[in-house]
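Residue numbers are given in the numbering used here: position 241 of the sequence shown equals residue 241, and the series is strictly consecutive.
For the record, the hints were derived by calculation from the structure and aren't laboratory data. Don't take every hint at face value.
In silico lysine-lysine, BS3-like type, Cα no more than 30 Å apart, as pairs [to be verified]:
no.	residue 1	residue 2
1	Lys284	Lys70
2	Lys148	Lys315
3	Lys140	Lys179
4	Lys262	Lys176
5	Lys140	Lys262
6	Lys137	Lys70
7	Lys69	Lys140
8	Lys262	Lys82
9	Lys238	Lys137
10	Lys223	Lys262
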Amino acid sequence: MTAPDRELPFRRFLRPALCLSLLCLSACPAEGPDSSAARSPQPPELQTIRVGLAIPSYVHAVAWIGHEKKHFEAQGLRTEIKVMGGSAATLRTLIADSIEVGIAGGDAVVKANRAGADLVVVGGLVDRFYHRLVVGKEIKTAEDLRGKSIGLAILGGPQEVAARYALQSCGLTPGKDVKIRSMGREFNRLAALTRGDVAGTVSQTPPSRLAELGLHVLVDLPKHDVRFPYAVVVTRRKFLAEHPERVRAFLRGLTHAIAFYKDEANKAESIEIIGLYLSSSDTKAAADERYRTGGPGMISSPPYPSEEGFRTVLKFLELSDVQPADLLDLRLLDEVTGAAR
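Work out the full structure: start from the sequences and follow the hints.
So, in structure tokens, the structure goes:
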């Protein structure tokens, strides 16, 4: 038997075994760099939530901080944040279903519901007056305002409530003793005030900057011990009922953002983030003063509104048939904070 003849039985055995091995290999997925990733569970898709801010300010800015620091994303949300141009505009957009959450004045919520809206407050950012009544150098006392006028951004918002409260606290009757005019943006109002076109305005500008303009604070409302829902978290009752998990996630992200903002160690980074959204010519010293006088120190933590604040609104609007509890639903906030109410 030749050598090739002796190898023949081995080849007959090897050929089927080799074919079987190749068949098994072809049936199994090849291991490669991406194979483990393909088998690992994918992160859940982010849910979009559209947020409207009444105005750009150092308190509303906590939403921007939550967005940039990914506090909302960590809760499964993709946030789209827009400045709406006032509380009334924010709530109109909310009612029209173009946003899911608004951060606006509580007084505007009361007025909207009186007009037929079905809005509900689920949290609160600022539970006191935020603006100061500012006047020119010729105004020495409140009595000097009698017969003159003051300018506001818009009529019907929390600034008007603040202005009316400030005038009443000085013994003046708004509309009778002092006229109130709508004059648009703060820059325009301060310019009008320095020219003498009006005698006063309400402003969040730091006192040192006002002094540079020859202006001064007549009534420092944030120092008054009065509860007022200057900025609340509001949504539609229908959205709350249908998507409680999204509202809960937003409140949880907001709570984390507030904690970050209030931590003094994060001051420089917070101001840097705010600078991305606020077009301002502030120096570093001016930005620091805005942060100190109108920033995280104004924000409630945990972010609860108060019934007392809404009683202030209802008394001011002379509404006796509405109860603060009718406007609030804080169950999800209780879950987020672990509070027992």
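Here is what the structure says about each hint:
no.: 1; hint: Lys284 - Lys70; result: holds, 25 Å
no.: 2; hint: Lys148 - Lys315; result: holds, 26 Å
no.: 3; hint: Lys140 - Lys179; result: holds, 18 Å
no.: 4; hint: Lys262 - Lys176; result: violated, 42 Å
no.: 5; hint: Lys140 - Lys262; result: violated, 36 Å
no.: 6; hint: Lys137 - Lys70; result: violated, 45 Å
no.: 7; hint: Lys69 - Lys140; result: violated, 45 Å
no.: 8; hint: Lys262 - Lys82; result: holds, 23 Å
no.: 9; hint: Lys238 - Lys137; result: violated, 50 Å
no.: 10; hint: Lys223 - Lys262; result: holds, 19 Å
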